[in-house]
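Produce the entire structure from the sequences given, and follow the hints as far as they go.
Chains as they are written, first to last, in our numbering: chain A, 511 to 838; chain B, 511 to 838.
Hints may contain errors.
No copy labels: a pair is met if it fits in one copy or bridges any two.
[To be verified] Mimicking EDC-like on lysine to aspartate or glutamate, the simulated pairs with C-alpha atoms at most 20 Å apart in a straight line are:
(1) K563 to E641
(2) K523 to D575
(3) K523 to D513
(4) K643 to E590
(5) K512 to E641
(6) K643 to D548
(7) K643 to D513
(8) K643 to D575
(9) K643 to E710
(10) K643 to E545
(11) K512 to D575
(12) K512 to E779
(13) K643 to D782
(14) K643 to E765
I should point out that these hints are in silico values taken from the structure, not numbers from a laboratory.
Number of protein chains: 2
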Amino acid sequence: MKDVAARAGVGLKTVSRVVNGEPGVTPETERRVQEAIDALGFRRNDSARVLRKGRTASIGLVLEDLADPFYGPLSRSVEEVARAHGALLINGSSAEDPEREQELVLALCARRVDGLVVIPAGDDHRYLEPELKAGVATVFVDRPAGHIDADVVLSDNYGGARGGVAHLIAHGHRRIGFIGDMPRIHTAAERLRGYRAAMEDAGIPVAGSWMSLGVTGPERVRRAAEEMLTGPDPVTAIFAGNNRVTVTVIRVLAEQARRVALVGFDDIELADLLQPGVTVVAQDAADIGRTAAERLFRQLDGTLVTPERIELPTRLITRGSGEIPPAD
Amino acid sequence: MKDVAARAGVGLKTVSRVVNGEPGVTPETERRVQEAIDALGFRRNDSARVLRKGRTASIGLVLEDLADPFYGPLSRSVEEVARAHGALLINGSSAEDPEREQELVLALCARRVDGLVVIPAGDDHRYLEPELKAGVATVFVDRPAGHIDADVVLSDNYGGARGGVAHLIAHGHRRIGFIGDMPRIHTAAERLRGYRAAMEDAGIPVAGSWMSLGVTGPERVRRAAEEMLTGPDPVTAIFAGNNRVTVTVIRVLAEQARRVALVGFDDIELADLLQPGVTVVAQDAADIGRTAAERLFRQLDGTLVTPERIELPTRLITRGSGEIPPAD
DNA sequence: CCCGAGCCTGACAACGTTGTCCAGGCTCTA
DNA sequence: TAGAGCCTGGACAACGTTGTCAGGCTCGGG
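Okay, here's the thing in structure tokens:
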């Protein structure tokens, strides 16, 4: 900028004015400055700008895994909202590791992002307290924050799972299996709670062998599914706790002789083209992201003060697999 | 930092030393400083640090659409490499709009990212020349840069498409349709070229009605597919130019009475579970991202100087749909 | 002709950090 | 015991930008 000023024969501040489109510059002067800028290939240094102004016009997004199809649309919708507010998006994957989450979040805070959208991996977020006090807007997504009071936007995991399992029960099933993630993950716990509630509503006692918790990785899901299908009290239907589980269960069921019903939590692409189509409890990732990001910017506006918990409804999409009657 | 220094009763520089783990501080002093840091919830301001040091330890990733399943694994692998180098990832979607691409890239340059990974939307990147000269490491991905000399990492689109079409020809097809994106997109053009080459290799003249170019959006793809299936010279097989096209074509074919062969470019999830399984020419998005990011950091190291074009091989995965014989 | 109002413009400090340099106190050796 | 050398700690400038403020200019009215 110094160079530009020198070349245009004007003061530093005048260049700054031109660069920022501030008023009070003669067209002639502006032309000279613009010319110098082009000639020198000058680009404003936003780091210095941030240092001076205090706002970075960027928000951080910490999620579990960018490669997971659930987070693609979510990131995208957060990005769109950010863009509408002139902000950039910095994002990182925690890989479901609390320590990595904290490391990422603090790195983002050190960058002085204006706000944070966090899909928590850990369950204690007290480390964020100084940042919150310092004015970093924060919205948690998909799972609530631990030990601090903060905005959270999530799906109705409990209600969705309950509805999905009730759907299976309505189609005559009583021996229904549940395969889900580690219950320390909030969504997994809530979906399990929904499963139990639906079973209890119908007065069906749940056998321990019907529930497989903390199961991750295709091989373990496969083993869990096979066990509940061939065990002493074999299930006639399976409720899959998330999209990764659903996919593996589909593979397992395709190998089975008897027809087993399936309802999965989270929609998956092409679910309607499979034979049978996969019935799912769908959540709208884009909507979740948009809602969270909008709340974030309202926090920044000052429009929003009190932390709130926003639960978005899920939708049961029937496509065939959930309507298969029990085979016993 | 000033406050911390005051509270600990030491000089500014000493705090800086503690924060950065520099040697030359007595354990006792360090303890006092650490205590003050904790008490005040101090976090180093990286903007100021960047301003002083010149490096931001962040890289920008500009892609077409974060929500596209092809880019999820790509982003993730870029992120992993960045993480290994202690850098954060800022990313944005160009939505296939050249202007938005430029806007994003320049915003990232203004942030002084150390490097850029760009999946180009436009075909003229001369606007980047001053930045390149200023030392911003840049790697293009998936498509080459326009009018500038820069690193590019991409799949062998030509060879992959040619192989995929040859596969159909080997199974007896002669009337093979091609549905692809706008030929101004490099990948689309290359795949089209591969299609033509395979047809020519087999001595098959291509009817104009077999090629549908610049087709985007499910409705238009659907119409294109239906036209080439029911037209005057109906095709017995379709080569789909990208994953979005493939998905729509699958839907259309599922509604057809006669069996039509299909090979798609890009793998899609659950392709093996469909009836029939979908034969695809797969590219390894994670590998592409990793290769690009590694080149980027080698540019930053100074290990790499001359721009290069790196073509990664594709892989034909046969699952059934591409092995259907012609139905006429 | 003088004065005040209004418009451009530029000098300067400040944002928070780090690199450079120097001072003071200490230990060790001759 | 004096001098050399090391270790610790601090003062200061600089990174590139912007907010503040004041100076100089023009113009119109009295």
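To see whether the hints hold, each was checked on the structure:
1. For a Cα distance limit of 20 Å, the shortest separation of K563 from E641 inside one copy, 18 Å, qualifies, whereas the shortest one across copies, 24 Å, does not.
2. Within a single copy, K523 and D575 get their C-alpha atoms no closer than 45 Å, and across copies no closer than 39 Å, so neither meets the 20 Å cut-off.
3. In the homo-oligomer, the alpha carbons of K523 and D513 lie at most 20 Å apart inside one protomer (12 Å), although the nearest pairing across protomers, at 30 Å, exceeds that limit.
4. Proximity of K643 to E590 under the C-alpha cut-off of 20 Å is found in neither arrangement, the shortest distances being 27 Å within a copy and 31 Å between copies.
5. Proximity of K512 to E641 under the C-alpha cut-off of 20 Å is restricted to the inter-copy arrangement: shortest distance 18 Å between copies versus 35 Å within a copy.
6. With identical chains, the CA atoms of K643 and D548 are at most 20 Å apart between copies only, with a shortest distance of 14 Å across copies and 42 Å within one.
7. Within a single copy, K643 and D513 get their C-alpha atoms only as close as 40 Å, which misses the 20 Å cut-off; across copies the closest is 16 Å, which meets it.
8. For a Cα distance limit of 20 Å, the shortest separation of K643 from D575 qualifies neither inside one copy, at 28 Å, nor across copies, at 35 Å.
9. For the identical chains of this complex, K643 and E710 are neighbours neither inside a copy (44 Å) nor across copies (68 Å), given an alpha-carbon limit of 20 Å.
10. In this homomeric assembly, K643 and E545 come within 20 Å of each other (Cα to Cα) only across copies, at 19 Å, whereas the closest approach inside a single copy is 45 Å.
11. In this assembly of identical chains, K512 and D575 lie within 20 Å of each other by CA distance neither inside one copy nor across copies; the values are 43 Å within and 38 Å between.
12. In this homomeric assembly, K512 and E779 never come within 20 Å of each other (Cα to Cα): the closest approach is 54 Å inside a single copy and 54 Å across copies.
13. Proximity of K643 and D782 under a CA criterion of 20 Å is satisfied in neither setting, with 47 Å inside one chain copy and 51 Å between copies.
14. In this homomeric assembly, K643 and E765 never come within 20 Å of each other (Cα to Cα): the closest approach is 55 Å inside a single copy and 58 Å across copies.
Consistency with the previously given hints fails for numbers 2, 4, 8, 9, 11, 12, 13, 14, ordered from lowest to highest.
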